[in-house]
Each structure stands twice: as structure tokens, then as C-alpha cells.
Amino acid sequence: MDFSTNPVLNREFYLQDTVVVAKEIIGQILLHETADGIIAGRIVESEAYINGDPANHAARGMTMRNRVMFGPPGHAYVYMIHTHWCLNAVTQPDGVAEAVLIRAVEPLEGIHLMIQSRRTDVFRNLCSGPGKLTKAFRIDRKHNGSDLVTGHLRIVEGQRIRNLVQTTRIGISQGVELPLRFYSAEHLKWVSKR
DNA sequence: CTCTGGATTGAC
DNA sequence: TCAATCCAGAGG
Numbered sequence: 001m002d003f004s005t006n007p008v009l010n011r012e013f014y015l016q017d018t019v020v021v022a023k024e025i026i027g028q029i030l031l032h033e034t035a036d037g038i039i040a041g042r043i044v045e046s047e048a049y050i051n052g053d054p055a056n057h058a059a060r061g062m063t064m065r066n067r068v069m070f071g072p073p074g075h076a077y078v079y080m081i082h083t084h085w086c087l088n089a090v091t092q093p094d095g096v097a098e099a100v101l102i103r104a105v106e107p108l109e110g111i112h113l114m115i116q117s118r119r120t121d122v123f124r125n126l127c128s129g130p131g132k133l134t135k136a137f138r139i140d141r142k143h144n145g146s147d148l149v150t151g152h153l154r155i156v157e158g159q160r161i162r163n164l165v166q167t168t169r170i171g172i173s174q175g176v177e178l179p180l181r182f183y184s185a186e187h188l189k190w191v192s193k194r
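Each residue of the first sequence is one higher than the one before, starting from 1 at the first, in my numbering.
Keep in mind the hints are simulated off the structure, nothing from the lab.
For clarity, every value in this text was computed on a predicted model and none was experimentally measured.
No residue lacks a Cβ here, since even glycine has one placed at the ideal position from N, Cα and C.
Treat the hints with caution; some may be incorrect.
To be verified - As a list, the in silico SDA-like pairs of lysine to any residue whose alpha-carbon atoms are at most 20 Å apart:
{"id": "1", "residue 1": "193", "residue 2": "35"}
{"id": "2", "residue 1": "135", "residue 2": "108"}
{"id": "3", "residue 1": "135", "residue 2": "116"}
{"id": "4", "residue 1": "142", "residue 2": "35"}
{"id": "5", "residue 1": "189", "residue 2": "142"}
{"id": "6", "residue 1": "142", "residue 2": "80"}
{"id": "7", "residue 1": "189", "residue 2": "111"}
{"id": "8", "residue 1": "189", "residue 2": "80"}
{"id": "9", "residue 1": "193", "residue 2": "169"}
{"id": "10", "residue 1": "23", "residue 2": "119"}
{"id": "11", "residue 1": "135", "residue 2": "119"}
{"id": "12", "residue 1": "193", "residue 2": "176"}
What the hints assert, rightly or not - Restraint ranges, calculated between C-beta atoms of paired labels, are given here:
{"id": "13", "residue 1": "93", "residue 2": "193", "range": "33 to 41 Å"}
{"id": "14", "residue 1": "120", "residue 2": "185", "range": "21 to 29 Å"}
{"id": "15", "residue 1": "125", "residue 2": "37", "range": "18 to 26 Å"}
{"id": "16", "residue 1": "152", "residue 2": "119", "range": "33 to 41 Å"}
{"id": "17", "residue 1": "60", "residue 2": "179", "range": "18 to 26 Å"}
{"id": "18", "residue 1": "65", "residue 2": "94", "range": "12 to 20 Å"}
{"id": "19", "residue 1": "189", "residue 2": "4", "range": "23 to 31 Å"}
{"id": "20", "residue 1": "84", "residue 2": "54", "range": "15 to 23 Å"}
{"id": "21", "residue 1": "170", "residue 2": "20", "range": "17 to 25 Å"}
{"id": "22", "residue 1": "54", "residue 2": "119", "range": "34 to 42 Å"}
{"id": "23", "residue 1": "95", "residue 2": "120", "range": "38 to 46 Å"}
{"id": "24", "residue 1": "151", "residue 2": "84", "range": "37 to 45 Å"}
{"id": "25", "residue 1": "80", "residue 2": "59", "range": "12 to 20 Å"}
{"id": "26", "residue 1": "4", "residue 2": "160", "range": "19 to 27 Å"}
Throw the hints in and build the complete structure from the sequences for me.
Here you go:
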């Protein structure tokens, strides 16, 4: 398995409606070329954060933290929650602050590196949550603003998912009723638990 | 269920 | 300066 030669998802992909991006990103491959080797996995769970959405970090305007959300599409917005980093893909044109949170990944390549980073060898716990997958993939604040189209951390073409489930989002206190979370029913084993 | 514990934000 | 808040995770 070597996903580093798969075609990368281009800039236009991230210019689509954010809910469409959140759906279509399921099944694609998150890939990180590190000095120690390639780490890759299939995205199986996502959430959309959109305009007019109270749970969007950018809902109350631009701050130092959320400024990359206002930048061009196809870049990584990485922020810390509690003690964990979370990875988002910025969508929409420059000036519009929307993003897709990547919540879970099925481990595919570089699993020994994931085990090393996560300090667990329980496969289904390696990447089944937003904080777990960033640790497994060695993603942190230095990736904030990095380009997911041209960089070492990128998203490449995977497979199309037929059995997509749409539900409400996890862990938020506002906008709880909005059905903006998506996961692949075929990959339930790798999806985070509520 | 509880405990852990980093960083941002906006109030004072 | 400071405390509330935040898109968790681990362990029991």
C-alpha cells in the first residue's frame, strides 16, 4: 500500500458547498509524509462548520486563533481543544470562514508509527476521534495554515462511500440540532463514539 | 461517571 | 490579570 502517489484532491474540491465537502471527504485518504515514513488512513467521519452556525469558531468574527478559516480553501485549520489538536480542512473562497472537521480515520499505512505516537496498540482506538487521529498522524500547531493540496500533509483520492449516515454533531453546546455530522456506515468500527 | 489539564477569549 | 469556556480522551 502506497497512497502517496494517489491523485490529490484539488483546490476546486474545497470550493464546493461545505456540506458537500463534508460528505465527499468521507472515503478519501488523509496522508502525511513524515521524516520517519508515510502515515495514511481513510477518512470515515466528518463534521461541517458553516456560516450562521453558532458552533463555528468564526461565528463571532476573526481572531488570532481562527484566522486561517478566513483564508483560501484547501488549507489545514489546526486548533487545540482541552489537551488535543483537531484537524479541519478550510472550505469556501478567501474571506468566507467555513471548514470541515475530520473526526475519525481508518488506519491504513504507517500503523507502527501510529502505535508509537499513540502509545497504544488497540487498533480501533488509534484514530477513532479528532484528538486521537492528530496524535497518531503527528499533526500539531505547526500544521496550522499548511496547504492540504501541495504539502506533506494532504488529502488524496480514496474510494467512494455508498452508505453515508447524517446525524447531529458531537461535543458542542450550540447548534446541537443541526445535522452536520457524517460517517460511513461501512466503517463503523473506526468511527468515534458519542 | 470523574479526572486530567492547554490555550484562547473577553471580561474586568 | 484572570476565569469561563472549548468541536476530548482515558480510566473505572
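(request) Go ahead and decide if the range 18 to 26 Å is satisfied by the Cβ distance of residue 60 to residue 179. (result) 23 Å, holds
(request) Decide if the proposed pair is consistent with the structure: residue 142 and residue 80, CA atoms, cutoff 20 Å inclusive. (result) With Cα atoms ~12 Å apart, residue 142 and residue 80 stay inside 20 Å; holds.
(message) Taking the Cβ atom of residue 4 and the Cβ atom of residue 160, is their distance within the range 19 to 27 Å?
(response) Holds: the Cβ-Cβ distance is about 21 Å, inside 19 to 27 Å.
(message) Check whether the Cα positions of residue 135 and residue 119 lie no farther apart than 20 Å.
(response) Given that 20 Å is the threshold and the Cα spacing comes to 10 Å, the pair holds.
(message) Can you confirm whether the C-alpha distance between residue 23 and residue 119 stays at or below 20 Å?
(response) 31 Å, violated
(message) Does the beta carbon distance between residue 152 and residue 119 stay inside 33 to 41 Å, or does it fall outside?
(response) With Cβ atoms ~23 Å apart, the hint is violated.
(message) Against the 20 Å threshold, does the CA-CA distance of residue 189 and residue 111 hold or violate the hint?
(response) 16 Å, holds
(message) For a C-alpha distance cap of 20 Å, please report whether residue 142 and residue 35 respect it.
(response) Holds: residue 142 and residue 35 sit about 15 Å apart, inside 20 Å.
(message) Just to be sure I understand the hint, the distance between the Cβ atoms of residue 170 and residue 20 should be within 17 to 25 Å; is that true here?
(response) Because 21 Å falls inside the window, the suggested range holds.
(message) A range of 12 to 20 Å was offered for this pair. Does it hold for the Cβ distance of residue 65 and residue 94?
(response) For residue 94 against residue 65, whose Cβ atoms are near 18 Å apart, the range 12 to 20 Å holds.
(request) Assess, step by step, whether the Cα of residue 135 is no farther than 20 Å from the Cα of residue 116, and give holds or violated. (result) 10 Å, holds
(request) For residue 151 and residue 84, compare the CB-CB distance with the range 37 to 45 Å and indicate the outcome. (result) 21 Å, violated
In this structure, the earlier hints numbered 1, 5, 8, 10, 16, 24 are contradicted, and the remaining ones agree with it.
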